[in-house]
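As you go down the protein sequences, you meet chains A and B in turn. For any residue, its number in my numbering is found by taking its place in the first sequence, counting from 1, and adding 163. For any residue, its number in my numbering is found by taking its place in the second sequence, counting from 1, and adding 1375.
The hints are simulated quantities; they were obtained by calculation from the structure and are not laboratory data. Do not rely on the hints blindly, as some may be mistaken.
[What the hints assert, rightly or not] Pair by pair, the computed Cβ-Cβ distance ranges are:
1. B/T1451 - A/S247: 27 to 33 angstroms
2. B/Q1469 - A/S282: 35 to 41 angstroms
3. B/V1470 - A/S253: 34 to 40 angstroms
4. B/D1489 - A/G221: 41 to 47 angstroms
If you're wondering where the values come from, they're calculated on a predicted model, not measured in any experiment. Note that beta-carbon positions come from the ideal geometry of N, C-alpha and C, so glycine has one too.
Single-letter residue listing:
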Amino acid sequence: MNRIALLLLLLLTSTQDVLATGSPSIVVVVNPESGVDKLSKDEVVDIFLGRYRKLPSGKTALPIDVSEASTERARFYQLLVKKSSAEMSSYWARLVFSGQTSPPFQVPDTRTALELVRSSPNAIAYVDRASVTSDVKVVFELKP
Amino acid sequence: MTRALPRSVVARTTLGILLLAAVMGVIFAVMASWRVRNAEQDRLIARVHELSATVESTASVACFLQDKTLAKEITTGLMKNRILSGVRIRSGDQVLYQAGGRAPAKGLSRGAVDEISRTIHSPFDPTAVVGEITMFVSHAEIEAQAIAYSRYTTWMLGLQLAIVAGGVALLVYLLITRPIKGISDELKWLGVRAGMRLTVPSFHRSDEIGQLIVNVNSLITRLTDAVATERDLRKAHEVSERRMRLVLEKADTGILVLDENGTVLSCNPSFTRILGGTDTATTGASLAALLAPHGPLVAGLIAESFESGQPRDADLEIEARGRGKVWVELSVNPLGPNLLQGLVNDITERKRAECAAHELAMRDSITGLLNRRGLDGALNAALASVSESKQLALLLVDLDYFKAVNDTFGHAAGDLVLREVANVLAQCVRRTDIVGRSGGDEFVVLLPGIEGAYKAEEIAANIIAGLHKPIAVGDGKFAHVGASIGIALTGPTREPAAELMRRADVAMYAAKQAGRGRAFLRHQSGPPSEDGPRRTAVA
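Let the sequences and hints guide you as you build the complete structure.
As structure tokens, then:
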């Protein structure tokens, strides 16, 4: 019992800012024409961290990152792989020279990201649940 | 073997220390190199683990993305470590990159690890295994590095030991052997004379070396003092010995030393002079043999003195070579357990004087015949040699008219008559007979060694005849005396001298009674009447 309580406490502490802001969950969205209805967490991780850039439908996936300054990006990676923005930068820096894979395509804000998703069946992006519009399809949800 | 060793203490000490250092160095080096080698191997293996840990995060990314370029990057980097012979990064079944490979296993030490694998987890999920990195260890390199390091350590150890040994040797040389060598050299040239000393170096004034020098100095002082004392004693001894020898040589007394057998070990010149011999003849000879006629007596004297531990002495008459008969007084005194001192004095003169005095006391001053005392001695001596066949006759001769001579012609004439009577008696007796004047006009004649009365009676008759003749007393006058003689002859029974004398007296009285001028004999036993006074001769 105690151990579980401790784990819970740790979890709460690490996601304190999320809870403090009372932010809603973050969702991964794709173009309705992408042919994808649902993605697992591993599939999301593979796509966004460059391991496997293909959608289950066989289409090439084009992951989109919002600006580093945005809270969505920090929250997304924190919730997805428990990494901070700095850690993520370090991760991508290692791969700069290898050239085999590259970081997700970076856009200034959520609005631009949604626009890209709406215009491309390959695009895949993350947004606040609140920002989701009907012309994109939610395939994965990260609850805080 | 010892020829090969250096003679010098410095060299020996240094050599010893260096040898010890070398031996210790080798022992420590062997132990150290083994330990160091093992430790170094462990350290290098640990280093391989560290290397794998270092590249783990990057390797996890490479495996996660199956990024061969990144894997190559990592592998190339790792291969720069010479202790790795190969590196392989694998993701699942696929080998992302491999450089080098397993090292040849020859000469591999037991239990040695030749590859270290590390499971690589996903950078985003610590529970998910995404690959494995395998590092092949180059044991040759590890061995070489370990040996190099161990050799370096050994060299350092050896160098340290050498420096310490050298330092100790130098210190030993400076502090101990050099000062000792100095003392030794100084001692070598030190003259033996009073007041000589070794100098104490100021640096060693209060240490053991200084103490040694002080002690040596005090020993030298004691020795020189002892030598001086010895010299003085010897000088004093020499003087005393010379004085002693002078005393010995110049003494009139013969001084000699005898051993337990009576052999003369040494003697002074006086001893040889008294014996009339030579030095060579006396030393080593037996004293008993030297005093030949008294050999047994001398031997007995020596034995007695040894037994009792008391001095013994005796007067001996000996035959000295070239000096005739000599009287010596021999005295032996024990000197030690088996030594005697003998003293020999020449007492010939004294003996001669003594004899003269004795003679004088025994003789009648008028006639020169034996007096009563002399006669007593002679009679006792003669009686002692009487036997069955050798009888003794005693003739008591009494002058018949001597009182008249004295009265008529005076005492001087009386003395003349007495002297003439002595002459007559001497002429009448045999050479061995003894004539004496027992007093007044009474004479005694002892006739020893006769057998029977015949010879005595004959001599008595001759005496009576001789004394019947007139005797010239000067101025053309003559005295007429005669003699009555009593004869006593010893018989089978021993009797005292007084008894013989008494019998002669009785016989003489009988002769007087019978009319003078005759000799009567009286035998030993039986009354006079029975035997009867016998008239033997009449003028």
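Results for each hint:
Between B/T1451 and A/S247 the beta carbons are some 30 angstroms apart, a value that agrees with the proposed interval 27 to 33 angstroms. Distance hint for B/Q1469 and A/S282: a CB-CB separation of about 36 angstroms, consistent with the stated range 35 to 41 angstroms. Here the CB-CB span from B/V1470 to A/S253 is close to 26 angstroms, at odds with the stated 34 to 40 angstroms. At about 45 angstroms, the beta-carbon gap between B/D1489 and A/G221 stays in the expected band of 41 to 47 angstroms.
Hint compliance for this structure: hint 3 alone is broken.
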